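Colleague: Here is what each chain is made of, one letter per residue.
4 protein chains.
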Amino acid sequence: MQSFPRELLDGYASFMAGRYARERDRYRALAQDGQKPSTMIIACCDSRAAPETIFDRGPGELFVLRNVANLVPTYQPDGGQHGTSAAIEFAVNSLKVENIVVLGHGRCGGIHAALSPSAEPLDEGDFIGKWMSLLAPVAEQVGGNSFMTAAERQTALERISIRNSLNNLMTFPYVERMVREGTLALHGAWFDISAGELWVMDADSGDFLRAETVDEPEL
Amino acid sequence: MQSFPRELLDGYASFMAGRYARERDRYRALAQDGQKPSTMIIACCDSRAAPETIFDRGPGELFVLRNVANLVPTYQPDGGQHGTSAAIEFAVNSLKVENIVVLGHGRCGGIHAALSPSAEPLDEGDFIGKWMSLLAPVAEQVGGNSFMTAAERQTALERISIRNSLNNLMTFPYVERMVREGTLALHGAWFDISAGELWVMDADSGDFLRAETVDEPEL
Amino acid sequence: MQSFPRELLDGYASFMAGRYARERDRYRALAQDGQKPSTMIIACCDSRAAPETIFDRGPGELFVLRNVANLVPTYQPDGGQHGTSAAIEFAVNSLKVENIVVLGHGRCGGIHAALSPSAEPLDEGDFIGKWMSLLAPVAEQVGGNSFMTAAERQTALERISIRNSLNNLMTFPYVERMVREGTLALHGAWFDISAGELWVMDADSGDFLRAETVDEPEL
Amino acid sequence: MQSFPRELLDGYASFMAGRYARERDRYRALAQDGQKPSTMIIACCDSRAAPETIFDRGPGELFVLRNVANLVPTYQPDGGQHGTSAAIEFAVNSLKVENIVVLGHGRCGGIHAALSPSAEPLDEGDFIGKWMSLLAPVAEQVGGNSFMTAAERQTALERISIRNSLNNLMTFPYVERMVREGTLALHGAWFDISAGELWVMDADSGDFLRAETVDEPEL
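Chains as they are written, first to last, in my numbering: chain A, 1 to 219; chain B, 220 to 438; chain C, 439 to 657; chain D, 658 to 876.
Accuracy of the hints is not assured; some may be wrong.
[What the hints assert, rightly or not] Per the computed footprint, the stretches of chain A lying under chain B, defined by three or more beta-carbons under 8 Å from a beta-carbon of chain B, are:
no., region
1, 14-20
2, 74-88
3, 143-149
Derived from the structure by calculation, the hints contain no laboratory data.
Values in this document were obtained by computation on a predicted structure and should not be read as measured data.
The C-beta atom is built at its ideal place from N, Cα and C for all residues, glycine as well.
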């Protein structure tokens, strides 16, 4: 039979000897009392952009949805099996998270695919093509800008996509209501990978600013 | 405006001073050369079960999809926007991962919902209900077993669901072909949270065994 | 009568007591032997982006043209009085500079004007409007992107404009010939002002990279 | 590819470690609040006569136009792309500078060209010849003065040219009006290079006087 990957077993042994040993009580309490994360992160599947790593967070702190290119569709209560919407519904209505962060990142393969609409599909099912078509209108406009370099178009769409996901989140009636009432806050962020830079979205302008320059919360 | 969560900014500062500082070259190479993870993990959004934490893995190693209850639907090339299938297509056909691990865990809220079909939906859209209906046939049978305790039914369905996801993975033609050809391997695992136990699925029997008891690969 | 600005007289006194006193011999040699700068900089008039300051260069090192938004028109030997073209002709054919650097910068007022074509002219002569019309085709395309924020459009056009100036430089027959022969090199750079970041253009891709990450020259 | 000049990268590193490190707050404020220079300098491209160096001024203080021989054309609202006029329009009408200084200097190559009308053009486009023709009437008279030495003719034309630029500035209607109203002042200055002498023009007589001898502003 196929063996369970050795590096994962080794990694698990390291986890047990390290983090788990140190945080045993926390894990037991989290099992006993249930999870109460205050923040949901919507991130990409990319192996270089794990939210727990970038934000250095431990067990119980982040409820994390990860799909290709951290996309959020609009609210579509049509009876379909919408995995992303299910996670949002659960986080907001059951876990009562106080924050939702859409976390994008540089060199995103999904965004690259969205900017290459004429590329051959990966497979005849073309799930990536269909999934990234959620961005089609914006991807078309950005992709058509012949004066920007390929890398500039990519970064531009990565950031536009984060704003797009945040806008789509607001189409969920309970998200809109709780944001209005001040019990839920939406945030955007973009991780650079290479230099490790984190850029945080300014909610007013939609611009992304280096995390180091973000002021303390106003009281 | 709403401030970016302070604990995330602090966590990011800690990441930069710690892991990033130590692994700067690795991040730069991962940006330059692209990601080449050998393993995809399909895990749950639960805040207590982050794969990178449980397997103690660093940047570039795990391509991670996370949805509610780590479900995989069957292959449905119907033109719909299937986020989970898109991630699988990308991991297998573009990244050429060698392993896919479906990682479930104890006390899963999604599984709990699947076992409570008569509970009131979280919202009129009922995305959780629709999403967990992917498990409806098995959930119905387990849920109807009045001789098991509630906790036993929960654990049973968590494990059945992992096997179900693995079976559904095999409905993707390329997954089936690559598994047959030996270039892709599928694995199941279940994390206990409380005691930190990892249980690994035996591919032949479908049983879950403590990771510590899993033999070295047979030669 | 109007007095010569006091701060300039004070600054001059400071220059004489400082830099001039230290570099007296250099100034005398530069007067005696003439200037032999190896680099021409085409920069903006902006008070925050003086090339000698950003590159910490002394007398005799940089031949500096500064106009609004560091624009270079195409080669137009039509008998008109083209100030920018005159400076380029002098630098290349008389001074024999080896490098031309087009240096743009963030928050450029000229670029802002190019993105606000319907704004009221500053004056009925509308010299700014006419001057920035050199960028009209690209400004139109960038300005029409409704998915980018105003700041993103601004940065995008600042960088596009640098590439545009470099392309226009290549329409000067002698520039083209000397670049081809390897006796003249063209470069782009963009200065951020706020964080003091300098971004250097990669000649192959046209992308801008942080100066700190630029490799040593290949030998 | 062509590498960015090493001495500029080194100079930038020196700037960041020195001036930027000391004036970080000033740069940030200048980015945030925009530039508000009170003085525009119209200077020459010559590498030996950078205004920021001669007047020892820092970021945000001087709005600097530099062309060959610090020429100002007359006001010509003919729809042409006049770079120098655009900078003047922007400085006066948008930045509301209070002073404009035309700064000439000794051993100016452009002035030398203007005094050598029969010299072969640098290139068939002859942009320098065309540009310096702005001075043709005065250059002809000075050049024809056989009783002055070549050096005397050069210095004479350098100073005449400054007065000429100041006169041409007064053909801009808003410059004329603001000077009349006392909200804008025009000044001339000439820098010697060799001995580092700065000569300031007396507005009444047009004579140039050593800066050290210029009186304090009259009260």
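Colleague: Each hint should be assessed against the structure and marked as holding or not.
Modeller: For each hint, the structure was consulted:
no.: 1; hint: 14-20; in the structure: holds (count 6)
no.: 2; hint: 74-88; in the structure: holds (count 12)
no.: 3; hint: 143-149; in the structure: violated (count 0)
Figure legend: structure checked against the earlier numbered hints; the only hint not met is number 3.
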